[in-house]
Every structure is written in structure tokens, then in C-alpha cells.
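The residues making up each chain are set out below.
Protein chains: 2
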Amino acid sequence: MIQPVENKQMPKIKLSTSLAEQALIKLMRVGDRLWRESDERFGRWGISDNHYNVLRILNGAGEPLSQIEIGRRMLSSRANVTKLIDLLEERKFVKRLACGDRRVKLIELTETGATFIAETASDVIGFAEKVLKPLTKAEQKSLAELLDKLS
Amino acid sequence: MIQPVENKQMPKIKLSTSLAEQALIKLMRVGDRLWRESDERFGRWGISDNHYNVLRILNGAGEPLSQIEIGRRMLSSRANVTKLIDLLEERKFVKRLACGDRRVKLIELTETGATFIAETASDVIGFAEKVLKPLTKAEQKSLAELLDKLS
DNA sequence: GCAATTTAGTTTCCCGGTTGACAATCCACC
DNA sequence: GGTGGATTGTCAACCGGGAAACTAAATTGC
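Chains as they are written, first to last, in this note's numbering: chain A, 225 to 375; chain B, 225 to 375.
In case anyone wonders, no lab produced these hints; they're calculated from the structure. Hints are supplied without guarantee of correctness; some may be wrong.
[To be verified] List time: in silico DSSO-like cross-link candidates among lysine-lysine, alpha-carbon distance up to 27 angstroms:
no.: 1; chain 1: B; residue 1: K361; chain 2: A; residue 2: K365
no.: 2; chain 1: A; residue 1: K238; chain 2: B; residue 2: K319
no.: 3; chain 1: B; residue 1: K365; chain 2: A; residue 2: K250
no.: 4; chain 1: A; residue 1: K365; chain 2: B; residue 2: K238
no.: 5; chain 1: A; residue 1: K250; chain 2: B; residue 2: K238
no.: 6; chain 1: B; residue 1: K365; chain 2: A; residue 2: K354
no.: 7; chain 1: B; residue 1: K357; chain 2: A; residue 2: K361
no.: 8; chain 1: B; residue 1: K357; chain 2: A; residue 2: K238
no.: 9; chain 1: A; residue 1: K373; chain 2: B; residue 2: K361
no.: 10; chain 1: A; residue 1: K373; chain 2: B; residue 2: K365
no.: 11; chain 1: B; residue 1: K236; chain 2: A; residue 2: K316
no.: 12; chain 1: B; residue 1: K250; chain 2: A; residue 2: K361
no.: 13; chain 1: B; residue 1: K307; chain 2: A; residue 2: K236
no.: 14; chain 1: A; residue 1: K354; chain 2: B; residue 2: K250
no.: 15; chain 1: B; residue 1: K250; chain 2: A; residue 2: K307
no.: 16; chain 1: B; residue 1: K238; chain 2: A; residue 2: K316
no.: 17; chain 1: B; residue 1: K354; chain 2: A; residue 2: K250
no.: 18; chain 1: A; residue 1: K357; chain 2: B; residue 2: K250
no.: 19; chain 1: A; residue 1: K236; chain 2: B; residue 2: K319
no.: 20; chain 1: A; residue 1: K238; chain 2: A; residue 2: K250
no.: 21; chain 1: B; residue 1: K238; chain 2: A; residue 2: K319
no.: 22; chain 1: B; residue 1: K361; chain 2: A; residue 2: K238
no.: 23; chain 1: A; residue 1: K250; chain 2: A; residue 2: K365
no.: 24; chain 1: A; residue 1: K357; chain 2: B; residue 2: K354
no.: 25; chain 1: B; residue 1: K238; chain 2: A; residue 2: K354
no.: 26; chain 1: A; residue 1: K250; chain 2: B; residue 2: K250
no.: 27; chain 1: A; residue 1: K373; chain 2: B; residue 2: K319
no.: 28; chain 1: A; residue 1: K365; chain 2: B; residue 2: K365
no.: 29; chain 1: B; residue 1: K361; chain 2: A; residue 2: K250
no.: 30; chain 1: A; residue 1: K238; chain 2: B; residue 2: K354
no.: 31; chain 1: A; residue 1: K250; chain 2: B; residue 2: K373
no.: 32; chain 1: B; residue 1: K236; chain 2: A; residue 2: K307
no.: 33; chain 1: B; residue 1: K238; chain 2: A; residue 2: K329
no.: 34; chain 1: B; residue 1: K365; chain 2: A; residue 2: K238
I would like the entire structure built from these sequences, with the hints used as guidance.
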């Protein structure tokens, strides 16, 4: 049986939690939770959320992108992009292409990578649908708009 | 001058980005950005966002909490809570108290910790206000409500 | 044309987090 | 009351990211 401790007087500061702060905390908490869940989801495929992110960016661009451009689009450092591409290349999802500018390596989505995206698409969409199920379509739209204003 | 590369035909899968998926991506992106900014903010004080989180939780609880309870409230592992508390204790912001259940260590906010919270409060609120400035009060409320439904 | 600066990518090291193994302790059941 | 199973906190090992140092290559200025 756990002994109740004598109620020590712990200092406590009265903090006025503003509306903005409450919204901020919720935003960060929900975001954090989603990253975890999403990462766990992709773990099954042997890649991380960010690896998938790279594939999506390449697919969306429709043309090879330099590593630095990829990093720019996903708010990630050059060093990290190198590591992400290393794994994706090993998995044959992308290829590093030489480029006119010999400092640059253009990253190209391979057939294998494209196929992977296609095969996992329904799974990914399913995840989004599941997460946002508590909201009506109108509310989802509203949420997206509010978030846009914060970007 | 960068040589334009011959336009290789890169495979591209047509993905229907649903409303839910768009909202999800925005949510994760904004959340991610906020964590970075927030962490950088607390870096100035020599602690991380999560260290501060612990202090806030303790202050909010108004009584000492076990490490596992802290971990539960901030969605963090036991091991990580140990490390967070290690630093906070070294900084004299919290104290580990013995407890009736001798497996448990109750974490108590010290005067020093409470003072720290009080002194940084305006800074933290300022951050939240700045981030949510693009939204009206009504929109902030609306955002908070939408996020609540996702929790 | 050549030196100085800038840029892309890689490598190394560090930091914060998780997982898993562990010891101590408590609890449930017989 | 003793044994097996949970639970709490800690530690070691690992992993994903960022910052800084480094290399190769392009650009700018003279």
C-alpha cells in the first residue's frame, strides 16, 4: 500500500494561461503525437516518416531535385538529407545523378520508389482519415485554413 | 553557370491528396516548426522545451508527482524522465523526495524552480502570442476547439 | 587568369529521445 | 508468510537529428 505523503507545501506560481498559449500547447502536443504515430507507421516499412517525406517531395516535384532543395522543402539540414538519401538509395528508391554543376547531385525517384509510394498510398491516406475522423469535412477545411495562416 | 540537365522522364505517381491528408500534413509541419522554435527559445535558459514542460506540469499539479506520472502527462518514457529530472535537480529547480512506496521518488518543485517559472512566464506567453498573432481571438478559440476534438 | 568567397555534399561529433535489461520494491495469490 | 508477477527508477546501447569542420567545385572581383 502506498503511503500518502504528508502534504508538503510546494511552491506554486499562479500562471495566467492565455488563450494563445493554450492553443499553442495543444498544437504542439497534437503535432508531437502525430509525428510519433506516423513514425511508428512507417517503421513497419523500414523507413522513417522523413524518408517517406523525401519520396513524396520527389514525386510531387516530378523531376529530380538537388539534396539542398529537398532539405529546403522539408526543413531539414544538409547533413540529414545526406543520411536520408543514403538509406533511400540503398533501398533503390532513389538514385543520385551527376549534374552539370558537379557539386550537385540530383536525386531521382526510381521505378521502385514510385511503386512503393503507389503501394503505400492507401495506407497513408487511411492514416490521415483516421486521425481526422473526429472532424467533419467542414471542420477539416477550417483547420487547414487556420494552420495556413500560421505558416 | 549551372547546366540544365536533359529532362529525364522520372516516374511520377498521381496521388489524390485528400482534404484530411492536407490538414494532417499542415498540422505536423506547423507542430514541428513550433517545437524547433520553442526549443531554441529555451536553449537560452540552458534547458530544453521538455525540461520546462516538467516544471510547468509540477507547477500545475501543485503537489509533488512521481516520475512515472510526469512521464505519463508529457508522453515521455520513464528513462527520459530520469534524465530530465537529473538536469533539473542539478539546477536545483526540483528535488527528489523519498516516498512511502520506496520504489517511487516524488518530484517537488523548489523555490528556485518556481522563481524560474515566474521570471520566464512573460517570455513564454510572449512567444505564444507572437506565434498566434495571425489569428483573431475567435480563430484561436476555434483552433483550440478543433485540436481538442483530435485529442 | 588567379585569389577570395560561396555553395553542395559528406563526415564527425554531440544531444535528446527510445528500447531493453536490470535492481529494488510492492502486491496478489495460495 | 512466501513466491511469482507488476511496477518504479536507472543504466547501457542505439538511433535520428543538428552544428561544425572539411572537400570539391563554382562564382565573383580584380
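Hint check:
1. B/K361 to A/K365: 19 angstroms, holds
2. A/K238 to B/K319: 20 angstroms, holds
3. B/K365 to A/K250: Holds, because 11 angstroms separates the two Cα atoms, which is no more than 27 angstroms.
4. A/K365 to B/K238: 22 angstroms, holds
5. A/K250 to B/K238: 33 angstroms, violated
6. B/K365 to A/K354: Between B/K365 and A/K354 the Cα gap is close to 24 angstroms, so the pair holds against 27 angstroms.
7. B/K357 to A/K361: 26 angstroms, holds
8. B/K357 to A/K238: 24 angstroms, holds
9. A/K373 to B/K361: 13 angstroms, holds
10. A/K373 to B/K365: Judged against 27 angstroms, a Cα distance of about 14 angstroms means the pair holds.
11. B/K236 to A/K316: With Cα atoms ~16 angstroms apart, B/K236 and A/K316 stay inside 27 angstroms; holds.
12. B/K250 to A/K361: 16 angstroms, holds
13. B/K307 to A/K236: 23 angstroms, holds
14. A/K354 to B/K250: 16 angstroms, holds
15. B/K250 to A/K307: Between B/K250 and A/K307 the Cα gap is close to 24 angstroms, so the pair holds against 27 angstroms.
16. B/K238 to A/K316: Status holds; Cα separation ~20 angstroms.
17. B/K354 to A/K250: 16 angstroms, holds
18. A/K357 to B/K250: 16 angstroms, holds
19. A/K236 to B/K319: Measuring from Cα to Cα gives roughly 14 angstroms; hence the hint holds.
20. A/K238 to A/K250: The given pair, whose Cα atoms are some 20 angstroms apart, holds under the 27 angstroms limit.
21. B/K238 to A/K319: Distance of about 20 angstroms is within 27 angstroms: holds.
22. B/K361 to A/K238: 23 angstroms, holds
23. A/K250 to A/K365: Holds, at roughly 18 angstroms.
24. A/K357 to B/K354: 30 angstroms, violated
25. B/K238 to A/K354: Judged against 27 angstroms, a Cα distance of about 22 angstroms means the pair holds.
26. A/K250 to B/K250: 15 angstroms, holds
27. A/K373 to B/K319: 42 angstroms, violated
28. A/K365 to B/K365: Satisfied, since the Cα-Cα distance of roughly 16 angstroms is no more than 27 angstroms.
29. B/K361 to A/K250: Between B/K361 and A/K250 the Cα gap is close to 16 angstroms, so the pair holds against 27 angstroms.
30. A/K238 to B/K354: Roughly 22 angstroms separates the two Cα atoms, so the pair holds.
31. A/K250 to B/K373: Roughly 11 angstroms separates the two Cα atoms, so the pair holds.
32. B/K236 to A/K307: 23 angstroms, holds
33. B/K238 to A/K329: 25 angstroms, holds
34. B/K365 to A/K238: 22 angstroms, holds
The structure does not agree with the numbered hints 5, 24, 27 stated previously, though it agrees with the rest.
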